[in-house]
Amino acid sequence: MDQAPGSRPDDARSGLPVCYRHTDRETGVRCTRCERPVCPECMVSASVGFQCPECVRNGSGTGHAPTANRPRTLAGGTVAADPHLVTKVLMGLCLAVFVVQLAVGDRFTDRFSLLGLAYVPELGSVEGVAEGQWYRLLTSMFLHLDYFHIFSNLLSLWFVGRYVEEALGRTRYLALYLLSGLAGGALAYLVDAPNQPSLGASGAILGVFGALAVLVRRQRYDMRPIVAMLVIMAIITFGWSNVSWEAHVGGLVGGAVIGFAMVHAPRDRRALVQYGTCALVLAVIVVVTLLRTAQLS
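Each residue of the sequence shown is one higher than the last, beginning at 12 in the working numbering.
Just so you know, these hints were derived from the structure itself, not from any lab. Some hints here could point you the wrong way.
[As the list claims (entries may be wrong)] Simulated DEER-style distance windows between Cβ atoms: (1) Gln306 <-> Pro132: 18 to 28 angstroms; (2) Leu301 <-> Pro236: 13 to 23 angstroms; (3) Asn206 <-> Tyr232: 35 to 45 angstroms.
Yeah, the Cβ is synthetic: ideal placement off N, Cα and C, and Gly gets one too.
Put together the whole structure using the sequences plus the hints.
Here it is as structure tokens:
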């Protein structure tokens with residue numbers, strides 16, 4: 012006769028099964044998930060009954076997926092071992108691209124900066140987003156004019172980015188950064204003269220700052236430092252002649268909208284609201300770019 016799993020030939024004396032991990036111990040308790048017998052040493056208390064170590068390790072101890080009990084950020088992202096990794100990578104990319112700019116020269120910068128539509132002598136051709144070079148909206152976010160430009164941007168990114176990344180999580184933070192930069196680029200493309208090039212990470216960084224303002228407000232922290240920084244940003248944006256206010260405003264507004272969705276999304280529909288808002292912002296960027304392209308074509 013076949014023996015039932017987790018039983019011994021002498022079980023008939025007591026009628027009790029033995030623990031599946033300790034075959035010398037009889038027990039009357041079974042795992043509420045897999046129904047394997049478990050002894051007092053192996054049983055793990057659950058919301059209803061007890062569970063075996065394997066079910067707890069492979070699940071959450073409550074019947075949910077293994078990821079259910081992972082620590083989450085304020086916005087629902089997974090807490091990472093290095094909560095500032097994306098900020099560091101973005102800073103590294105900007106530095107790497109700047110080194111290439113110094114090595115290659117204006118030809119590289121002219122190829123990837125944001126430009127509506129113009130003849131570029133360095134390249135010997137008509138260039139711009141209106142020519143189908145949509146990649147310029149993205150690549151221009153990683154270019155910089157000089158040492159002061161990149162130093163100030165990276166310092167700002169490190170100052171605000173690490174806090175926002177820690178609050179949102181890596182994926183949501185990266186989406187915020189890229190979409191804010193694209194929103195700033197789209198507004199600059201729409202408003203600037205077609206032959207006016209622009210470049211820099213400031214639009215994306217202003218978007219991160221917008222999300223930080225929403226975050227600070229959500230957590231009821233002191234808003235005075237944020238207001239002071241906004242005033243400084245406004246002075247820089249509208250007081251310096253070589254600053255693209257369009258990129259700053261577009262990035263700030265885009266970041267604030269996405270940041271609001273990230274930290275205020277209801278828990279039961281969090282992912283839908285957060286990524287739905289990101290998709291909506293991206294759709295607006297695409298529409299604005301299409302309209303401007305049709306105007307210039």
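Evaluation of the provided hints:
no., hint, in the structure
1, Gln306 <-> Pro132: 18 to 28 angstroms, "24 angstroms, holds"
2, Leu301 <-> Pro236: 13 to 23 angstroms, "39 angstroms, violated"
3, Asn206 <-> Tyr232: 35 to 45 angstroms, "44 angstroms, holds"
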